[in-house]
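Chemist: Chain residues, written in single-letter form:
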Amino acid sequence: KQEVTQIPAALSVPEGENLVLNCSFTDSAIYNLQWFRQDPGKGLTSLLLIQSSQREQTSGRLNASLDKSSGRSTLYIAASQPGDSATYLCAVKAQGGSEKLVFGKGTKLTVNP
Amino acid sequence: NAGVTQTPKFQVLKTGQSMTLQCAQDMNHEYMSWYRQDPGMGLRLIHYSVGAGITDQGEVPNGYNVSRSTTEDFPLRLLSAAPSQTSVYFCASSYSLAGGPYEQYFGPGTRLTVT
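Line by line, the protein sequences give chains Z and P. Numbered according to this note's numbering, the first sequence spans residues 19 to 131. Numbered according to this note's numbering, the second sequence spans residues -1 to 113.
Hints listed in this document are in silico derivations from the structure and should not be mistaken for laboratory results. Don't take each hint at face value.
Said to hold, decoys possible - A few chain P residues facing chain Z, derived, Cβ under 8 Å:
id	residue
1	Y29
2	L43
3	S92
4	E101
5	Y103
6	F104
7	G107
Stated by the list, open to error - Listed next, the in silico DSSO-like pairs over lysine-lysine satisfying Cα-Cα at most 27 Å (straight line):
id	chain 1	residue 1	chain 2	residue 2
8	Z	K126	P	K12
9	Z	K86	Z	K19
10	Z	K60	Z	K126
11	P	K12	Z	K86
12	Z	K86	Z	K60
13	Z	K60	Z	K123
14	P	K7	Z	K19
15	Z	K118	Z	K19
16	Z	K19	Z	K126
17	Z	K86	Z	K126
18	Z	K118	Z	K86
19	Z	K60	P	K12
20	Z	K60	Z	K118
21	Z	K19	Z	K123
22	P	K7	Z	K118
All C-beta atoms in this analysis are idealised placements derived from N, C-alpha and C, irrespective of residue type, glycine included.
The task is simple: from the sequences and hints, build the whole structure.
Modeler: Here it is as structure tokens:
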């Protein structure tokens, strides 16, 4: 059974700092990995999607990497801003046709001005 | 495109009542799903559908029913609400083409409280 773990559960940083959020998964037979952002009381916003054949994806100040063999992904946020404060979730989709996502429990990020 | 929409945004039910959470998408996505999000538990899959007329159970299906009569709509029915069903419910959709990215899009959620 696929399990997804995100460490740390919470992170507080000063504005301007570069930071890394971690995601690990137990079964490397994934089709893709998706990073989401969730603001308090809101839905999930897709940030980046990495296919299993890719090593990284970039969008603005965000860079997500994938090491499928070791079961790890990182989300790098450059020059953090207070507006980046949110919970970040990673989710994996398995190979083999199932479109179910397995989610980690998220990292709650606070960027202090 | 409105994307994925959910109604209502908030709902309070008494134990034993039934209700339907609505989900609709206008992106012509074949795959739709329902998750619940609980503190400390993350998001868990309730039911999903790979196309009109096809549904299947996820990780936590008990107490919920679904149907998929059209591509656009995927309602979730609570048959007899219980306090354990107090949660935030999210609907999601994605393309289901072979070799596709399968990026999933989520609705804004429905906050349900069962007293």
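Chemist: Next, verify each hint and record whether it holds.
Modeler: Checked hints:
1. Taking 8 Å as the C-beta cut-off, the interface hint given for Y29/P holds, the closest approach to chain Z being about 5 Å.
2. Because the smallest distance between the Cβ of L43/P and any Cβ of chain Z comes to about 5 Å, under 8 Å, the interface hint for this residue holds.
3. Against a cut-off of 8 Å between C-beta atoms, the interface hint on S92/P holds, since the closest Cβ of chain Z lies about 6 Å away.
4. Taken as an interface hint, E101/P checks out: its beta carbon lies about 5 Å from the nearest beta carbon of chain Z, inside 8 Å.
5. Interface hint status for Y103/P: upheld, as the beta-carbon distance to the closest one in chain Z is roughly 7 Å, under 8 Å.
6. The restraint placing F104/P at the interface with chain Z holds, with a minimum CB-CB distance near 4 Å, inside the 8 Å limit.
7. At a threshold of 8 Å, the smallest CB-CB gap from G107/P to chain Z is about 5 Å, leaving the interface hint in force.
8. The hinted pair formed by K126/Z and K12/P fails the criterion: a straight-line CA distance of about 32 Å is larger than 27 Å.
9. Using a Cα cut-off of 27 Å, the hinted pair K86/Z and K19/Z holds, with the two alpha carbons roughly 16 Å apart.
10. Proximity of K60/Z to K126/Z is assessed by CA-CA distance (about 14 Å); at most 27 Å being required, the pair is judged to hold.
11. At roughly 46 Å between alpha-carbon atoms, K12/P and K86/Z are farther apart than 27 Å, so this suggested pair is violated.
12. A threshold of 27 Å between alpha carbons decides the hint, and for K86/Z with K60/Z the separation of about 30 Å lies outside it, so the pair is violated.
13. Between K60/Z and K123/Z the CA atoms are separated by roughly 16 Å; this keeps the pair inside 27 Å, and the hint holds.
14. Taken as a hint, the K7/P and K19/Z pair is broken in the structure, with Cα atoms around 33 Å apart against an allowance of 27 Å.
15. Taken as a hint, the K118/Z and K19/Z pair is honoured in the structure, with Cα atoms around 12 Å apart against an allowance of 27 Å.
16. Pair hint K19/Z plus K126/Z holds up; C-alpha atoms about 25 Å apart against a cutoff of 27 Å.
17. Proposed proximity of K86/Z and K126/Z is supported: the alpha carbons are some 24 Å apart, at most 27 Å.
18. Distance restraint check for K118/Z and K86/Z: the Cα-Cα separation of roughly 18 Å lies within the 27 Å cut-off, and the hinted pair is therefore satisfied.
19. Restraint check for K60/Z and K12/P: satisfied, since their Cα atoms lie roughly 24 Å apart, inside the 27 Å limit.
20. Between the alpha carbons of K60/Z and K118/Z the distance comes to roughly 21 Å, so the proposed pair stays at or under 27 Å and holds.
21. At most 27 Å may separate the alpha-carbon atoms for a hinted pair to count; K19/Z and K123/Z meet this at roughly 16 Å.
22. For a cut-off of 27 Å, the pair hint linking K7/P to K118/Z stands: about 24 Å separates their Cα positions.
Checked against the numbered hints given earlier, the structure breaks hints 8, 11, 12, 14 and satisfies all the rest.
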